[in-house]
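Visitor: One-letter residues, chain by chain:
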Amino acid sequence: MAYAKPNTFSDGTTLVAASVQGNVDALRIYLHNGIVQADLLNSKWIDTRHIQPPRYDAVQGVQHGVTGYQGGQWKGNLVNMSFVTSFTSGVGRDSHTGDWRRVPNTSFDVDIRRNAKILLHWSLEVEGGPDDVPAVTGRTPAIGDRYAYFAPYIGTVGGAGRSIYDAQEVKNNGDGFNGTTPFGPDRPYTTLNGYGRRTGVLAAERNAGTRTTIGLCSWSEIDRSAVVNWSIGLEIWYL
Amino acid sequence: MSRINRARIVDGDQTTAASLNDRFDDFTQANEVDQFNLRDSAVDLPQFKKSPKFQAPFVQTDVLGKSDMLHAAPVSVGATGSTPYSSPHVIQDGAANPTIASYGASGLTLSAGEVLRIYWSLSVRADLTNSPWDDGFQFNAIAGTGGGGNTDVSTSAGCFVAWLQWDVTSNGLTNWTEVPGQSDFKTTLGSFHGSSLQLCQATTVIPLWSYWLRNLNNGDSSAGTSVETKAAGWRGISGAWHYEALGTPTIFGLRVVLLGVMHPRRISAGAANTLVLDVGPAADVDLEYTGGRLVTFVNRMK
Chain A
1 MAYAKPNTFS
11 DGTTLVAASV
21 QGNVDALRIY
31 LHNGIVQADL
41 LNSKWIDTRH
51 IQPPRYDAVQ
61 GVQHGVTGYQ
71 GGQWKGNLVN
81 MSFVTSFTSG
91 VGRDSHTGDW
101 RRVPNTSFDV
111 DIRRNAKILL
121 HWSLEVEGGP
131 DDVPAVTGRT
141 PAIGDRYAYF
151 APYIGTVGGA
161 GRSIYDAQEV
171 KNNGDGFNGT
181 TPFGPDRPYT
191 TLNGYGRRTG
201 VLAAERNAGT
211 RTTIGLCSWS
221 EIDRSAVVNW
231 SIGLEIWYL
Chain B
1 MSRINRARIV
11 DGDQTTAASL
21 NDRFDDFTQA
31 NEVDQFNLRD
41 SAVDLPQFKK
51 SPKFQAPFVQ
61 TDVLGKSDML
71 HAAPVSVGAT
81 GSTPYSSPHV
91 IQDGAANPTI
101 ASYGASGLTL
111 SAGEVLRIYW
121 SLSVRADLTN
131 SPWDDGFQFN
141 AIAGTGGGGN
151 TDVSTSAGCF
161 VAWLQWDVTS
171 NGLTNWTEVP
181 GQSDFKTTLG
191 SFHGSSLQLC
201 QATTVIPLWS
211 YWLRNLNNGD
221 SSAGTSVETK
231 AAGWRGISGA
241 WHYEALGTPT
251 IFGLRVVLLG
261 VMHPRRISAG
271 AANTLVLDVG
281 PAADVDLEYT
291 GGRLVTFVNR
301 MK
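Protein chains in written order, with my numbering: chain A, 1 to 239; chain B, 1 to 302.
Just chain A, with the same shape it has in the complex (with noise of 0.2 Å):
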């Protein structure tokens, strides 16, 4: 259906913003999906490159185009992984306010090129612990309430850019260690407790010619917790 403008102005009337709105609007649904093939042109005259020029990030693995950022990273296998560490964070404190950090390598910075919704989705999987070195003044909670948090953020890993609601755990594996061989963890480390993905989406918006930092952080009760896999994925829409 070729396009039909809804509206036809006339000499001597009140031309009002509606009616141009309207012609407009009308536009803009049939260069999204009422072109037929009448309308076009017999011959090929348009690329990919044409729709949506692209502008691709190897580093970051998203893609920039006139519609917005998509793409994500993922990484990990036993040998490549992340850590995140009660030392620098949840060590004997009764509030989680503070001291998150971020977990390492799974941040973006973006450029926000027009007003935007963003979704970030992130899974991750963790081994906690085993961490069984016995709680004492200071170093609490005990081995069995110990627990890594993971969360989103964007902008900041503090209270403006990270929501409690959004944190997810991952249990200590608190059994501790065999004591013979097979040295190791004493008792398996469950995908109900420990291993098991976690996933999450952040939803947020931002205006124009914003340099935005968006990505993962970690609040934590255990030594040492690895982070054996990660992923994260951007959509970021231009309104």
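Calculated directly from the structure, the hints in this document are not laboratory data. Please note that a few of the clues may not be correct.
Stated by the list, open to error - Here are the simulated lysine to any residue pairs, SDA-like style, with alpha carbons at most 20 Å apart:
{"no.": "1", "chain 1": "B", "residue 1": "K230", "chain 2": "A", "residue 2": "D145"}
{"no.": "2", "chain 1": "B", "residue 1": "K230", "chain 2": "A", "residue 2": "F177"}
{"no.": "3", "chain 1": "B", "residue 1": "K230", "chain 2": "A", "residue 2": "G176"}
{"no.": "4", "chain 1": "B", "residue 1": "K230", "chain 2": "B", "residue 2": "S76"}
{"no.": "5", "chain 1": "B", "residue 1": "K230", "chain 2": "A", "residue 2": "D132"}
{"no.": "6", "chain 1": "B", "residue 1": "K230", "chain 2": "A", "residue 2": "I143"}
{"no.": "7", "chain 1": "B", "residue 1": "K230", "chain 2": "A", "residue 2": "V59"}
{"no.": "8", "chain 1": "B", "residue 1": "K230", "chain 2": "A", "residue 2": "P185"}
{"no.": "9", "chain 1": "B", "residue 1": "K230", "chain 2": "A", "residue 2": "H121"}
{"no.": "10", "chain 1": "B", "residue 1": "K230", "chain 2": "A", "residue 2": "A142"}
{"no.": "11", "chain 1": "B", "residue 1": "K230", "chain 2": "A", "residue 2": "Y195"}
{"no.": "12", "chain 1": "B", "residue 1": "K186", "chain 2": "A", "residue 2": "D145"}
{"no.": "13", "chain 1": "B", "residue 1": "K230", "chain 2": "A", "residue 2": "G184"}
{"no.": "14", "chain 1": "B", "residue 1": "K230", "chain 2": "A", "residue 2": "D131"}
{"no.": "15", "chain 1": "A", "residue 1": "K75", "chain 2": "A", "residue 2": "G65"}
{"no.": "16", "chain 1": "B", "residue 1": "K230", "chain 2": "A", "residue 2": "N178"}
{"no.": "17", "chain 1": "B", "residue 1": "K186", "chain 2": "B", "residue 2": "G172"}
{"no.": "18", "chain 1": "A", "residue 1": "K44", "chain 2": "B", "residue 2": "K186"}
{"no.": "19", "chain 1": "B", "residue 1": "K230", "chain 2": "A", "residue 2": "K44"}
{"no.": "20", "chain 1": "B", "residue 1": "K230", "chain 2": "A", "residue 2": "K75"}
{"no.": "21", "chain 1": "B", "residue 1": "K230", "chain 2": "A", "residue 2": "G196"}
{"no.": "22", "chain 1": "B", "residue 1": "K230", "chain 2": "A", "residue 2": "D186"}
{"no.": "23", "chain 1": "A", "residue 1": "K44", "chain 2": "B", "residue 2": "N31"}
With chain A held as given, fit chain B onto it using these hints.
Guide: Below, chain B without anything else, positioned relative to chain A:
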């Protein structure tokens, strides 16, 4: 081949009805959408900025549950002891206030070509007493080959389920129904009540315990085999659901509800793989939860 090459309106020009009509009529001819008119001018949807936003017209973030990250006093949900159950547990803030997504008096109306995308997460823990893995039909009898005889081994498949309900009737939020593709787990399946897996499209399964045997020698449990178990500790769970509207539904609210203890079961009468309610472990199982997040996002896809 025509080319739209009309000069811009500049200060001092007189806008007439004819000039306005010409600008829109420029787009009405066959064969005119080509490299000059569209490609080179980089016409793109964001160029037509309007409200509501075109590609991502709606986003809303709501909290789920209780703000209690360190589990000081989590919300506790008891397992259901009768089947079919009467009503599921609605995620709340610990003070009996449901935590839901509410879309206001006018609701959220989806248009053709729009996709509703729901993402949610919640921190949960299994709170177990006694040995629920021995209750109901949570175990299988495993025939031993040695002197130990048969052993009842838990399947470790007992679980709670969480699923999505919405209200598409009014902003009174008293008409909750399951979202499309989702059952209420009340379907009669043989002598049980539950749902076929095909109707669990907005369901998240929450495992409750692990069960394993030590010193089991080729099925022989006579040499000091011991049962070890562990309740599923605190961890984050999540769910996602996408819906492409067939009509133009108006959604006034959306929420997450809980039910348990469930167990997978093959229903031969219906030849279906199902999740059914097992009331056997009810007295021994609670599910605790703290906080979570519910994200509503609408995309225009075409």
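Visitor: Out of the numbered hints, which ones does the structure contradict?
Guide: 7, 9, 12, 15, 17, 18, 19, 20
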